[in-house]
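Residue-level listing of the chains:
Protein chains: 2
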Amino acid sequence: MNEKNTISPELGSGFKDYLPEDMIPRQKMFDTIRSTFERFGFVPLDTPGIEREEILTGGDPNFKMQIFRTGLRIGDEGLALRFDLTVPLARVVSLYGDRISRPFKRYQTGKVWRGEKAQAGRFREFVQFDADIVGSERMSADAEIIALMYETMSSLGLSRFSIRINNRKLLNGLTDYVGYDQSLNADVLRTIDKLDKIAWEGVSAELKERSSFNDDQLSKLKKFLDLRSSSSLELLTELSGLMASSPVAQRGIAELTEIANNLKSLNVPDTSWRIDLSVARGLGYYTGPVFETILDDLPSIGSVFSGGRYDDLVARFGDRSVAATGASVGVDRLFAAMEKLGLIKKVMATAKVVVLNFDSTAEDYCQKIVTAIRQSGLQAELYLGKETNLKAQLAYALGQNIPVVVIAGGSEKDRGVVQIKDIQRRKQVETTFDNVSAVIKSILQNAEAVV
Amino acid sequence: MNEKNTISPELGSGFKDYLPEDMIPRQKMFDTIRSTFERFGFVPLDTPGIEREEILTGGDPNFKMQIFRTGLRIGDEGLALRFDLTVPLARVVSLYGDRISRPFKRYQTGKVWRGEKAQAGRFREFVQFDADIVGSERMSADAEIIALMYETMSSLGLSRFSIRINNRKLLNGLTDYVGYDQSLNADVLRTIDKLDKIAWEGVSAELKERSSFNDDQLSKLKKFLDLRSSSSLELLTELSGLMASSPVAQRGIAELTEIANNLKSLNVPDTSWRIDLSVARGLGYYTGPVFETILDDLPSIGSVFSGGRYDDLVARFGDRSVAATGASVGVDRLFAAMEKLGLIKKVMATAKVVVLNFDSTAEDYCQKIVTAIRQSGLQAELYLGKETNLKAQLAYALGQNIPVVVIAGGSEKDRGVVQIKDIQRRKQVETTFDNVSAVIKSILQNAEAVV
Numbered sequence: 381m382n383e384k385n386t387i388s389p390e391l392g393s394g395f396k397d398y399l400p401e402d403m404i405p406r407q408k409m410f411d412t413i414r415s416t417f418e419r420f421g422f423v424p425l426d427t428p429g430i431e432r433e434e435i436l437t438g439g440d441p442n443f444k445m446q447i448f449r450t451g452l453r454i455g456d457e458g459l460a461l462r463f464d465l466t467v468p469l470a471r472v473v474s475l476y477g478d479r480i481s482r483p484f485k486r487y488q489t490g491k492v493w494r495g496e497k498a499q500a501g502r503f504r505e506f507v508q509f510d511a512d513i514v515g516s517e518r519m520s521a522d523a524e525i526i527a528l529m530y531e532t533m534s535s536l537g538l539s540r541f542s543i544r545i546n547n548r549k550l551l552n553g554l555t556d557y558v559g560y561d562q563s564l565n566a567d568v569l570r571t572i573d574k575l576d577k578i579a580w581e582g583v584s585a586e587l588k589e590r591s592s593f594n595d596d597q598l599s600k601l602k603k604f605l606d607l608r609s610s611s612s613l614e615l616l617t618e619l620s621g622l623m624a625s626s627p628v629a630q631r632g633i634a635e636l637t638e639i640a641n642n643l644k645s646l647n648v649p650d651t652s653w654r655i656d657l658s659v660a661r662g663l664g665y666y667t668g669p670v671f672e673t674i675l676d677d678l679p680s681i682g683s684v685f686s687g688g689r690y691d692d693l694v695a696r697f698g699d700r701s702v703a704a705t706g707a708s709v710g711v712d713r714l715f716a717a718m719e720k721l722g723l724i725k726k727v728m729a730t731a732k733v734v735v736l737n738f739d740s741t742a743e744d745y746c747q748k749i750v751t752a753i754r755q756s757g758l759q760a761e762l763y764l765g766k767e768t769n770l771k772a773q774l775a776y777a778l779g780q781n782i783p784v785v786v787i788a789g790g791s792e793k794d795r796g797v798v799q800i801k802d803i804q805r806r807k808q809v810e811t812t813f814d815n816v817s818a819v820i821k822s823i824l825q826n827a828e829a830v831v
Numbered sequence: 381m382n383e384k385n386t387i388s389p390e391l392g393s394g395f396k397d398y399l400p401e402d403m404i405p406r407q408k409m410f411d412t413i414r415s416t417f418e419r420f421g422f423v424p425l426d427t428p429g430i431e432r433e434e435i436l437t438g439g440d441p442n443f444k445m446q447i448f449r450t451g452l453r454i455g456d457e458g459l460a461l462r463f464d465l466t467v468p469l470a471r472v473v474s475l476y477g478d479r480i481s482r483p484f485k486r487y488q489t490g491k492v493w494r495g496e497k498a499q500a501g502r503f504r505e506f507v508q509f510d511a512d513i514v515g516s517e518r519m520s521a522d523a524e525i526i527a528l529m530y531e532t533m534s535s536l537g538l539s540r541f542s543i544r545i546n547n548r549k550l551l552n553g554l555t556d557y558v559g560y561d562q563s564l565n566a567d568v569l570r571t572i573d574k575l576d577k578i579a580w581e582g583v584s585a586e587l588k589e590r591s592s593f594n595d596d597q598l599s600k601l602k603k604f605l606d607l608r609s610s611s612s613l614e615l616l617t618e619l620s621g622l623m624a625s626s627p628v629a630q631r632g633i634a635e636l637t638e639i640a641n642n643l644k645s646l647n648v649p650d651t652s653w654r655i656d657l658s659v660a661r662g663l664g665y666y667t668g669p670v671f672e673t674i675l676d677d678l679p680s681i682g683s684v685f686s687g688g689r690y691d692d693l694v695a696r697f698g699d700r701s702v703a704a705t706g707a708s709v710g711v712d713r714l715f716a717a718m719e720k721l722g723l724i725k726k727v728m729a730t731a732k733v734v735v736l737n738f739d740s741t742a743e744d745y746c747q748k749i750v751t752a753i754r755q756s757g758l759q760a761e762l763y764l765g766k767e768t769n770l771k772a773q774l775a776y777a778l779g780q781n782i783p784v785v786v787i788a789g790g791s792e793k794d795r796g797v798v799q800i801k802d803i804q805r806r807k808q809v810e811t812t813f814d815n816v817s818a819v820i821k822s823i824l825q826n827a828e829a830v831v
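Sequences listed follow chains C and E, in order. The letter at position 317 of the first sequence is residue 697 when you use the working numbering, and the numbering goes up by one with no holes. The letter at position 424 of the second sequence is residue 804 when you use the working numbering, and the numbering goes up by one with no holes.
Calculated directly from the structure, the hints in this document are not laboratory data. Hints should not be assumed to be uniformly reliable.
Copies of the same chain look alike in the list, so a pair counts if it works inside one copy or between any two.
Said to hold, decoys possible - Here are the simulated BS3-like pairs of lysine-lysine, each with C-alpha atoms no more than 25 Å apart in a straight line:
hint, residue 1, residue 2
1, K726, K748
2, K408, K793
3, K574, K396
4, K644, K766
5, K793, K644
6, K574, K603
7, K748, K644
8, K771, K793
9, K725, K577
Model the full assembly from the supplied sequences, consistent with the hints where possible.
The following block contains the structure:
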């Protein structure tokens with residue numbers, strides 16, 4: 381190491397560190413998501429961050445998403461970083477066949493990577509937390525996913541959110557209803573997807589220019605997008621009249637009607653979800669219902685929990701089609717939003733107790749004390765920093781917001797006692813070595829009662 | 381998707397999927413490690429999987445470890461996948477200065493990647509789980525790491541393991557004691573590190589050939605490596621006599637003596653650790669005590685929990701040296717070992733209850749039942765697969781080892797009751813809708829009592 385030529389510790393752009401004050405509440409968030417997913421009976425899966433390239437692209441030479449290639453090759457095949465957890469799930473379903481249960485209700489969390497241009501709020505690496513049901517064609521499976529989305533958001537302490545639901549079959553039915561060629565549909569949907577950003581003016585201009593829509597087509601489309609009603613079921617009834625000419629749209633409407641009825645039985649309140657005909661979802665693999673979740677107070681950050689049905693994805697690996705539906709929490713985006721909304725409480729320490737360590741003749745005694753406290757099940761830290769005086773060590777404990785401080789120097793060691801400081805109540809008691817954990821537990825119980 | 385040209389779902393070699401039956405116990409292992417680390421007051425950190433290349437290599441053109449490059453460049457700089465969690469920690473310490481507490485006791489878990497030749501038991505991607513103390517020169521910090529290693533292994537249900545401890549300063553003192561040039565030391569240590577694999581015959585032959593050792597030098601080295609004693613403290617006393625000519629070795633001996641005394645106060649039994657003078661640890665950044673953990677019944681798989689002191693690593697980023705020590709669990713290797721030792725219990729399901737769903741006229745009722753069970757805090761699954769008859773759905777529940785099955789068809793719906801099957805006791809009871817959760821909880825409590 382050349383001291384004159386040191387290395388900058390900066391991260392590449394689009395990447396992010398999570399320091400403990402953020403990581404402690406972030407981990408609490410992971411724990412809440414996981415326990416909610418398990419309450420619905422989902423089971424965990426883990427797959428590598430690196431996959432064979434053609435698994436990710438589906439062998440499609442026009443594959444649009446920017447993936448990170450790793451430089452490593454096996455034979456003439458490249459390896460690349462996964463961009464989501466859904467494609468690896470489809471691979472697993474195909475590869476392990478009988479070793480996994482059907483229906484396969486799996487959850488998975490992990491980092492994914494996208495080689496996008498780095499910009500505000502866009503990360504090149506982020507964590508997803510997915511739940512999917514593979515092997516069920518029932519609309520009650522889609523309803524189950526939506527109920528899971530509702531329960532997860534609620535468990536995280538969020539109440540002001542809307543789950544927006546649509547169906548790709550309605551969007552595919554637009555070709556019949558509006559009257560344009562199937563081949564234009566991908567482009568048309570991509571334009572509609574911008575409605576939130578560029579409004580109807582922008583969307584209609586783009587459709588005129590790119591897809592040669594005439595005024596009649598535009599007015600039909602606008603009628604579709606403007607459809608509103610006092611209830612979802614009424615909306616679906618109106619839609620059924622509007623799109624009577626499209627068989628595929630009628631199937632989509634029947635599916636959404638079934639989901640709406642299921643959501644009642646699953647106790648998902650009407651106020652937390654609605655049919656939104658402008659929801660398209662970018663990924664190409666969706667085939668049926670699609671979902672996204674918008675925070676009422678931060679709509680601009682986009683969806684924080686999204687998904688849909690993708691019945692054809694597993695077929696990529698040679699199996700016949702396998703029905704599948706699911707959704708994914710964008711953990712980093714949701715965490716950033718909750719931070720903005722003041723819902724994240726920064727926490728500095730995991731320790732509930734710090735044992736000071738200021739008298740080198742008593743370090744062995746302090747080690748015995750901290751060991752006893754830990755063995756009683758409490759999180760306890762022995763001070764190991766470079767400060768040697770009591771006051772500076774105490775300042776460290778206060779800075780970390782640790783509620784209990786244990787003090788033991790030579791005189792305490794000789795008498796077999798310790799001093800215990802209750803920071804919140806500004807009280808200090810002396811107790812015997814054997815009583816340390818019991819006294820601390822009673823202080824912590826009182827502290828919880830106060831908070 | 382072209383059906384005639386489907387894509388193989390195989391993984392690249394050196395990569396591994398964890399199906400739920402393995403992932404459920406593996407996650408339990410993560411939870412145990414995390415709660416032990418938190419019991420010692422460590423706080424969580426997260427950093428990206430991708431780092432700037434020179435951060436990983438330290439700008440060393442001779443850097444030997446195979447890293448995965450990502451293909452993405454920022455300016456003329458490459459980005460690559462991290463090969464451990466220690467280098468990113470050093471970067472974080474340098475980058476955030478005041479925003480992190482000192483001492484900084486952090487833990488971190490995540491995937492790391494090494495572009496090694498894939499071979500049995502060697503993964504190209506694996507999970508590490510690290511705990512480090514940054515900003516403490518005290519040997520009690522090293523002792524704390526060793527105590528953490530002991531407690532973690534014990535909490536995982538392991539008892540037959542040995543933590544082997546050495547000190548790089550002893551190995552550096554070999555130049556004085558054996559009498560050879562400092563510049564040869566890296567090569568000599570690399571050869572000594574092979575002692576487990578190629579025995580003394582191999583080591584001595586290699587030292588003769590590569591480092592031109594003569595018989596006198598070889599016999600001195602052998603004396604060092606053969607040193608045994610009935611206790612660690614006695615061994616250190618003998619070593620002190622043997623290496624009297626080396627000031628650096630004397631410092632290493634004093635450090636190990638202090639650690640040995642600390643381990644007594646920290647209640648780490650003598651039987652679970654020992655001084656082992658052949659432990660070198662491969663990574664170049666270690667500067668003081670080094671640790672590794674060998675399973676008594678599976679020594680051949682190598683160390684499952686290793687680390688040491690690395691006081692100079694942070695200086696790579698321009699700071700003056702920052703004292704640091706820590707250790708890392710090789711989670712995948714440890715999990716594989718525990719599986720071999722029969723310590724991993726495969727678990728198929730997270731759900732404790734499955735609500736069958738065989739009568740389409742009662743699906744709404746079943747949805748209400750499963751929602752009520754979940755709201756009572758229990759993990760419950762609604763059957764969503766393609767089987768439509770009760771018997772086949774029951775077979776699914778039995779296959780998953782789910783202890784409670786709820787049955788409700790049209791007649792139960794009409795009467796507002798449900799049938800509850802206690803699988804273990806082969807009993808079935810009928811109860812009202814409102815009582816479902818209470819009845820299930822009592823069945824599960826009895827089941828636990830029986831197990």
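Hints versus structure:
1. K726 <-> K748: Neither: 31 Å inside a copy, 38 Å across copies.
2. K408 <-> K793: Neither: 38 Å inside a chain and 39 Å across chains, both beyond 25 Å.
3. K574 <-> K396: Classified as neither; 28 Å inside a copy, 39 Å across copies.
4. K644 <-> K766: For K644 and K766, the Cα distance is within 25 Å only across copies (23 Å; inside one copy 61 Å).
5. K793 <-> K644: This pair counts as between: shortest inter-copy Cα distance 16 Å, intra-copy 65 Å.
6. K574 <-> K603: within (17 Å within a copy, 76 Å between copies)
7. K748 <-> K644: between (58 Å within a copy, 9 Å between copies)
8. K771 <-> K793: For K771 and K793, the Cα distance is within 25 Å only inside one copy (19 Å; across copies 69 Å).
9. K725 <-> K577: neither (32 Å within a copy, 51 Å between copies)
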